[in-house]
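Trainee: Sequence order for the protein chains is A and B. For the record, in the first sequence the residue sitting at position 117 is 117 according to UniProt numbering, with numbers rising by one throughout. For the record, in the second sequence the residue sitting at position 101 is 101 according to UniProt numbering, with numbers rising by one throughout.
Be a bit skeptical, because a hint or two may be false.
Which stretches of chain A does chain B cover? Using the computed rule of at least three CB atoms under 8 Å from a CB of chain B, they are [to be verified]:
#, stretch
1, 3-14
2, 26-38
3, 56-63
4, 96-102
Stretches of chain B that chain A covers, calculated by requiring three or more beta carbons in the stretch to come under 8 Å of a beta carbon on chain A [said to hold, decoys possible]:
#, stretch
5, 9-23
6, 27-35
7, 78-90
8, 94-104
9, 107-120
Calculated directly from the structure, the hints in this document are not laboratory data. All C-beta atoms in this analysis are idealised placements derived from N, C-alpha and C, irrespective of residue type, glycine included.
There are 2 protein chains.
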Amino acid sequence: MPDFLDAVRWDERGLVPAIAQDAGTGRVLMMAWMNREALAATAAEGIAVYWSRSRGRLWRKGETSGHTQIVRELRLDCDGDTVLLTVEQQGGIACHTGRERCFFQRLTDGQWVSDELVLRAPNTIYPAGGGHE
Amino acid sequence: MPDFLDAVRWDERGLVPAIAQDAGTGRVLMMAWMNREALAATAAEGIAVYWSRSRGRLWRKGETSGHTQIVRELRLDCDGDTVLLTVEQQGGIACHTGRERCFFQRLTDGQWVSDELVLRAPNTIYPAGGGHE
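Let the hints inform the model, and build the full structure from the sequences given.
Mentor: Have a look at this one:
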């Protein structure tokens with residue numbers, strides 16, 4: 001395994017949070033998790049590969065939807081426990097709800113209010129059902 | 001406690017990752033953690049209040065350094081387990097190393113390389129030592 005993986009402070013589950021930011025718009029698209037294997041694959045393949053905690057396996061973002069994230073930059077924070085990806089979001093949709101990004105709920109008058117549009121119906125993105133790929 | 005706190009999917013430690021993004025530049029500044037009390041305080045006070053895992057107490061970002069984060073937007077992601085803050089970073093420095101942001105290491109030829117400048121010496125930010133406030 002390459003050295004750069006040892007510089008990461010993996011948590012007690014062997015994971016690190018990974019933030020994906022759109023290279024063009026600067027919008028923060030989503031946050032997911034990576035283990036050593038996912039980060040190594042992301043660096044090697046140049047596309048975002050996360051660790052799916054719910055399915056217990058590597059998750060190549062877009063493997064079902066086609067909404068792949070091409071990685072332009074891979075960054076680590078000061079204390080080595082968070083990764084930041086700058087990505088080109090294929091299809092312009094990062095969220096399994098069919099929105100551009102996952103952060104579509106804004107705190108407004110003490111409530112989370114969805115204020116961003118669904119660009120594509122989820123059942124056309126994931127015909128076999130599921131979601132979150 | 002207000003309702004919006006119940007919509008958050010707190011992890012087994014009662015925490016949620018909180019990403020701070022600069023409202024002006026769009027740069028992702030840092031990632032820290034919040035518990036219920038921290039998120040409630042952030043919403044009530046309009047400044048970023050995190051939970052310091054190392055010190056086991058609330059941490060009003062900038063309480064030592066003056067590098068307070070004024071919150072413009074508070075967002076929650078689709079599955080309720082990550083918060084995104086859009087902030088005005090006072091002093092233009094979010095990182096305890098004296099850099100604009102914590103993500104100053106970029107993966108370059110298989111190594112993490114620091115490619116962002118120290119804007120202010122940490123010992124002038126934290127005269128009493130410490131760091132990370």
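Trainee: Could you work out which earlier hints the structure fails to respect and list their numbers in ascending sequence?
Mentor: Number 3 only.
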